[in-house]
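First to last, the sequence lines map onto chains A and B.
Each residue of the first sequence is one higher than the one before, starting from 1 at the first, in full-length UniProt numbering.
Each residue of the second sequence is one higher than the one before, starting from 1 at the first, in full-length UniProt numbering.
Derived from the structure by calculation, the hints contain no laboratory data.
Careful: at least some of the hints might be erroneous.
Dumping the calculated EDC-like pairs for lysine to aspartate or glutamate here, alpha-carbon to alpha-carbon at most 20 Å [as the list claims (entries may be wrong)]:
id: 1; chain 1: B; residue 1: K210; chain 2: B; residue 2: E190
id: 2; chain 1: B; residue 1: K136; chain 2: A; residue 2: D14
id: 3; chain 1: B; residue 1: K136; chain 2: B; residue 2: E75
id: 4; chain 1: B; residue 1: K66; chain 2: B; residue 2: D28
id: 5; chain 1: B; residue 1: K210; chain 2: B; residue 2: D229
id: 6; chain 1: A; residue 1: K277; chain 2: A; residue 2: E290
id: 7; chain 1: B; residue 1: K166; chain 2: B; residue 2: D30
id: 8; chain 1: A; residue 1: K226; chain 2: A; residue 2: D382
id: 9; chain 1: B; residue 1: K136; chain 2: A; residue 2: E290
id: 10; chain 1: A; residue 1: K406; chain 2: B; residue 2: E190
id: 11; chain 1: A; residue 1: K277; chain 2: B; residue 2: E190
id: 12; chain 1: B; residue 1: K72; chain 2: B; residue 2: E98
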Amino acid sequence: MSTTVKSTATDRQDERLRSQEGLRGAISDVVERARGGDLGVIPVVVGLIVIWSVLQILNPVFLSSANLVNLTLESAAVGVIALGIVCVLLVGEIDLSVGSVSGLSSAVLAVLFVSQGLPVWVAILASVLMGAVVGWVYAQLYNRFGVPSFVISMAGLLAFLGLQLYVLGSKGSINLPFDSGLVNFAQLAFVPDWLSYTFAVVAAVWLFVSGYLHASERRRAGLSSKTTSMLAIRSAALLVVLAFVVWYLGQTRGIGWMFMLFVGMVLVMHYLLSRTKWGRSVYAVGGNVEAARRAGINVKAVYTSVFVLCSSFAAVGGILAAARLAAANQSSGGGDINLNAIAAAVIGGTSLFGGRGSAFGALLGIIVIQSISSGLTLLNLDSSIRFVVTGAVLLLAVVVDSIARKSRTSHGRA
Amino acid sequence: MSSNQQSDNVLSLRGISKTFGAVAALTDIDLDVAAGQVVAIVGDNGAGKSTLVKILSGVHPPDSGKIVFDSKTVEIPTPAAAHRLGIATVFQDLALCENLNVIQNLFLGQELRPLRLNDVAMETRSWDLLRQLSAKIPSVRVPVASLSGGQRQTVAIARSLLGDPKVIILDEPTAALGVAQTAEVLNLVERLRERGLGVIMISHNMADVKAVADTVAVLRLGRNNGVFDVNDVSPEDIIAAITGATDNAVSQRQARRKEGLSS
């Protein structure tokens, strides 16, 4: 008896646990979880495969390297905004004004940088700060008066659109100089191939090393751990995927620095959300506010941080969009940007009901949204159809989210 | 009461009163809890049980009276103060986050290494804690949503033990539970007593009270209405003290039975 206890990890001793080890265990674990409604990123990966297949059949240019490079560049700005949306959705709130805030940020940047002639970093800093202040005001309204966030941000949507028009003045459009570093960064700066491959290798090695250290720490503590071969397979898979992406995009222009910036932000947010006390409290507030409050979490501070982050990300998105377009005008941040950002977050598996989702969802979600947009543009369909299709995809994503929630409830995982 | 017994008490209340507007919720309440003792507080709706719990957990301060904790007179102005003193409260609704797993719930708000969470240490400590309570939770990495009512109660109690409290207050721990799960929680209360904690258990269920409590303190209309040693008292006496009347359905049936037996 004592020998069996000794040889079994602390967290594997309950006789009711079915042993799930090795590759097969990992796969059946994923299947089991998905069946229980814990879908994670499965719907978005499946959706991406379907969408890419259909669009490739309709237009063979779609999956070409040149088009995919374009797609990554186009997705960075809205992707950053979606990252902020993920944060507010995690606490079960919403910000409908991210489009307007990004538009205002574009306008502020252009006015300070071009009309006032300030250094570009001052203009960028001012724009981001403006976003942070907007988020802080939202949080105050929410915390002090308990106004629902969708109403606050709907008011913001209109107010900041007005402010954007006012800031831009009578001309209504300000061009950013093409020779400025900002425009250069967004349009022409690409990561050299050797560096891209280095990034891929570093990512794979880092995944293996951190996994290995974690596993040996767990073994020392007498807990079950992933085997070294499993870790190696995982890292090798990541390396193959990343190397293929780098190689394929490298056929034409490669990976833009702006896209790398977006990916970097996703990684930072992923770390903050999953590995810090702050991230834990965000999920806790989204799951059960009262429980979070009783556990001693400063709930108001969590709401404030999340609203500030969301609006700041929206402002950064606005800066990137202005740089990409080399201009800020009255339609910056308008149209479907708002809905695309929210759709990207939801399609990426972030629940509208709070407490569920991840930063990577924003990355995957925006690629889906941008694929549809790019594919339909390639087919020469005008924006009327694009709007309808994007709307339908958003609806589908929300339906999947709701069904998954029901399934979780019935499988006792809600 | 001898002076020796006094010093054993980890928590003593003397003359606690609390009014809400024109309503005297508690009047002159005395209560003693010793280390390794389970005190059941029983009483009808509105008897002041919840108010007493809220005073002890720092939600409401009392209007008058003295709280002696660890032979020192203390005040409990906030929940954090109660936590610092070593009084842990498990409220009836448990307050768990269903989307988080057992480890995350146990350490919620007191995570180890805030900027780079120490998952391994937290998981090891979780297992230690759950093993000490002989808790039947198969995995600590499942979301709390997938646990049964008894298991959730266990998680909530285990969480309150993280701060090494001296007194733990359980508010209706078995109210929503089935037979097996109730037994599980009552075992847990036994385990808490063995660990030398003072346990205050609010309950409506006489069977539970008889099963685990050492002392029964009855509240009626905000006043003490008797403290009984659980071995010397029948459920009927407790019910009589709760309702303030010896003439009720339970005592009548008891009387009829006795008559039936004697005739």
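For each hint, the structure was consulted:
no.: 1; hint: K210/B - E190/B; verdict: holds (12 Å)
no.: 2; hint: K136/B - D14/A; verdict: holds (8 Å)
no.: 3; hint: K136/B - E75/B; verdict: violated (37 Å)
no.: 4; hint: K66/B - D28/B; verdict: holds (10 Å)
no.: 5; hint: K210/B - D229/B; verdict: holds (10 Å)
no.: 6; hint: K277/A - E290/A; verdict: holds (18 Å)
no.: 7; hint: K166/B - D30/B; verdict: holds (19 Å)
no.: 8; hint: K226/A - D382/A; verdict: violated (50 Å)
no.: 9; hint: K136/B - E290/A; verdict: violated (26 Å)
no.: 10; hint: K406/A - E190/B; verdict: violated (38 Å)
no.: 11; hint: K277/A - E190/B; verdict: violated (34 Å)
no.: 12; hint: K72/B - E98/B; verdict: violated (39 Å)
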